[in-house]
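Student: Sequence:
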Amino acid sequence: MLTPTRCVASYLQTLWVLVVVLVNSGGSLSAQEGDADELSPNSVLTDAQWDQLESSVDSAIEFLATQQAIDGSFKSHEAGQPAVTSLCVLAFLSRGHTPIDGPYAKQLSKAIDFIISNQRDDGLICEVKRNQPMYSIAGSYNHAISGLTLCEVYGMTTAEQQKSIRPAIESALGFTRQEQHKAKRWVDDKGGWRYLDPSLAIDSDLSITSWHLMFYRSARNAEFDIPKEDIEAAASYVRKCYDDRIGSFCYGLRGYGRNSFSRSMAGAGALSLSLAGDHKSRMAQRTGDFIRENSFNDFNRGALTREDRYYYGAFYCSQAMYQLGGDHFADFYPGLLKTLVDNQNRDGSWDVEINETGGALGFTYSTAFAVLALTPPYQMIPIFQR
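216 is the number of the first residue of the sequence shown in the numbering used here; add one for each residue after it.
Since the hints were derived computationally from the structure, they do not count as laboratory data.
Please note: incorrect hints may appear among the correct ones.
Listed next, the in silico DSS-like pairs over lysine-lysine satisfying Cα-Cα at most 27 Å (straight line) [what the hints assert, rightly or not]:
(1) Lys443 to Lys495
(2) Lys325 to Lys397
(3) Lys378 to Lys443
Using C-beta positions, here's what the derived DEER-type ranges look like [said to hold, decoys possible]:
(4) Gly550 to Val402: 38 to 44 Å
(5) Gly317 to Gly550: 47 to 53 Å
(6) Tyr471 to Val402: 43 to 49 Å
All figures in this text were calculated on a predicted structure; none of them were measured in a lab.
For glycine and all other residues, C-beta sits at the position ideal for the given N, C-alpha and C.
Work out the full structure, taking the sequences as your base and the hints as a guide.
Tutor: Structure representation (structure tokens):
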């Protein structure tokens, strides 16, 4: 029997086939050039694999539901809040759960309230205080991930809930614009984002920029006013991080960052391009090849550098490969699915990130990212819809 989420995926696959048929027969329905010769990414899964996917994700969601605190947060180190709570919300959304109804509606509403409660007067969304360690690094990540989540959930909430979410998004966008337009010491860093306080070698990096760019795009999808030139400036910075010698994206444009290549940054770059409609570009296609050559079949291990975090990279790369579709997704996803299913704990969680300092962000971080890496076929989160 098809579950509601699989029904949506099945519908999208049928719609995709219809697009292909119409394009090939000269119909009026348009598709991006080159799309007509490939099947829906969902067609790569057998019925048995769909069953594995659903069982794994449902078990993970049940685990996450046990990890919520009274204040609405999902357990993690304060340096990761409210980003980790936001990632958990996205994990629930990716399986079709919303704050309006269903078994987790109240928990999701409490989580949203917690996210908003961490917003400051200047618009920054972050639990860590300015005088505390990790403020500069954690602040930018927490803010962008939380802003993205609020935008994605905005259209899935009641009119009453939107009254508190909308001003929070508007204030958060103001802070993000301010950070993007801060004076940069190097002209090629313009358009991107970095830590809240100045750092030594670079004023922008791809890791943080990709989250803020997703925040922008999600806000625009939700009909918030985002200047087109700000999105284009961010996308331009992302493209500068591409290195044709490697066929992938580096972390930053100078110093160590210029020679730092990881699966995480490959996925971040390719996903950023795909969300701009450039999934057929040479950059995106070559990066897809890079990801395919550096799989996630060795569970919870970095493949390229000590910063190559497994779950973080798996999330980015899975979403990017789904956008690329075709052989890229068909070659990539079944192996990732098998690896994650085979290594899932009995309680539904996944082990903490080995390549993240001390595993401080905990099981909610690893489990939320694992769910987000598994759920592209469901296509339930608007920004990641192909």
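Student: What are the numbers of the hints the structure violates, in ascending order?
Tutor: 2, 5 and 6
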